[in-house]
Structures are given as C-alpha cells and as structure tokens.
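Participant: The task is simple: from the sequences and hints, build the whole structure.
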Amino acid sequence: MKLGIFVSHFRFNTDTYERLKAERLGVIFVQNGIYHATLRENGKSSPLLEKPAKFYVLKDDLETHGFTNSQVDSRVKVITYNDLVDVIFNEYEKLAWL
Amino acid sequence: MAITKLAFLVDKPPYKTETSRLALTHALSSQSVEIYLKDGDNVEPFLAFIGDGVLNCIKNQKALTIYDVTSLDMHIRNALLFGLNVYVCKEDIRKFGLTEDMIVMDADHPDGELKTQIVPYAEIEQAIESCDHILFF
Chain P
1 MKLGIFVSHF
11 RFNTDTYERL
21 KAERLGVIFV
31 QNGIYHATLR
41 ENGKSSPLLE
51 KPAKFYVLKD
61 DLETHGFTNS
71 QVDSRVKVIT
81 YNDLVDVIFN
91 EYEKLAWL
Chain G
1 MAITKLAFLV
11 DKPPYKTETS
21 RLALTHALSS
31 QSVEIYLKDG
41 DNVEPFLAFI
51 GDGVLNCIKN
61 QKALTIYDVT
71 SLDMHIRNAL
81 LFGLNVYVCK
91 EDIRKFGLTE
101 DMIVMDADHP
111 DGELKTQIVP
121 YAEIEQAIES
131 CDHILFF
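One line per chain: the protein sequences are P and G, in this order.
Take the first sequence: its position 4, counting from 1, is numbered 4 in the numbering used here, and each next residue is one higher.
Take the second sequence: its position 100, counting from 1, is numbered 100 in the numbering used here, and each next residue is one higher.
Mixed in with the good hints there might be a few duds.
[To be verified] Stretch-level coverage of chain P by chain G, calculated; a stretch enters the list once three of its residues show a Cβ under 8 Å from a Cβ in chain G:
hint, stretch
1, 6–13
2, 29–36
3, 47–55
[Stated by the list, open to error] Mimicking SDA-like on lysine to any residue, the simulated pairs with C-alpha atoms at most 25 Å apart in a straight line are:
hint, chain 1, residue 1, chain 2, residue 2
4, G, K62, P, N13
5, G, K16, G, K59
6, G, K16, P, E23
7, G, K16, G, M105
Calculated from the structure, these hints are not laboratory results.
A virtual CB, placed ideally from N, CA and C, is assigned to each residue, including glycine.
Facilitator: In structure tokens, the structure reads:
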C-alpha cells in the first residue's frame, strides 16, 4: 500500500499514527500540523518524524504561522499547493487525514 | 467606583480553531465596555499567552496574504495599540526552541507605546492572582 497521511493538528492522539504502516508512507503536515516540522519542544524534534516515511510540509501553512523554509527540520520537504497535487496523484494510492 | 480586573489566558495554538482569536477580540472589546457601566466603574483586562498559546505570538504570520484571514500577530499588535498589557511566558518560548526576536513585541504603529512583556510564569501567576475573573481560551 502507498499511503499518504495528512496531519493537521499539533496535539492529537498518536496511537493511530504509530500503527499505520505502508510499503510507501508519506506524511504531509498542514495547518497546525506544521509545528511538527518546525518546533523543537524541550530541545527535541517531533516524535512524529521518527517514523520511516517521507515528510512534507505545506509552504503556505508554514508562512501563515510565521515560519520560513529555513526553520523546517531537514527531514521535511517544503512543498507548494501545486506540489501537493502532484504528491497526491503520483505518490500515494490512499490518503488519510489525522 | 470599582475596577474589575480580567485575565484573558490563551493556552491553545492559533488557526485550527477560533479559540485564541476569540480571546483577542473579547479582550479588545472589553476596552469599550465602560459605556455600559456606572460612572467610575471600569474593567482592566490583560492578555497572557502560556503553553501552546505562545505560538500565537510568532511574528510575520502571513494568514492575511495567503488565506485572507487576519493573522493572530495582527490582533496582538492591535491589543498593544489599544493599551492592553500582553504577557508571554518566557519558559514556554524556550520550551519550543523559539527566540524572543521571533515574538511580536510592539504595535508597529506611531501611537503604540506598549510592548509585549516576555516574563517568567511566576509573574503571570501573580497577575492572575490579582484578577477578579479568569477567562481561558
């Protein structure tokens, strides 16, 4: 399975997130999910980034919250809405929204 | 004659819900409530951002440009311009790895003299203790 997961919350129950597995897994941080790509709470990056997956963050939402590309964790790729459409149609067969 | 002190405490991040925006609009509107009060009565509100709420205070939010909605840092600048004391918890800024230069500190207006006060939580706690009502957002 090729699965893309949208994460739009900063605080949420991660049980389901931790259980989800896929042959190809992508995590797309949008809305308040962008904090997982930017903040280092207590000096540590988000535990969500420990999952074996490709990570993306939506540039518009990053900038909406006052962050820039340079503040994004190196494991996360900054993408535009146009890139997001390509990711959805070309990279993953199924999508989930957490 | 009585002054009612109100604490507007924001501990939620911005945008995903309207909660923190409501705190700012309610705190601002409380500045005009004296027209409904008896002579000599008034309210004295302040805003404090703690926990995840400090994420509202990051400057240069582009919400207006990108999504055509007012950004939370714009509301904080307005609050400062209208004379509201704004406190931001120092420990929580550090906890998130943010720096003080990432925080909106003034109204960015010639008439705005107040500055955001980045203070230890103990100071916010003292301000809360001196309040008549606490409103959590």
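Participant: State the violated hints by number, sorted upward, taking the hints as numbered earlier in the document.
Facilitator: Hints 3, 4 and 6 not satisfied by this model.
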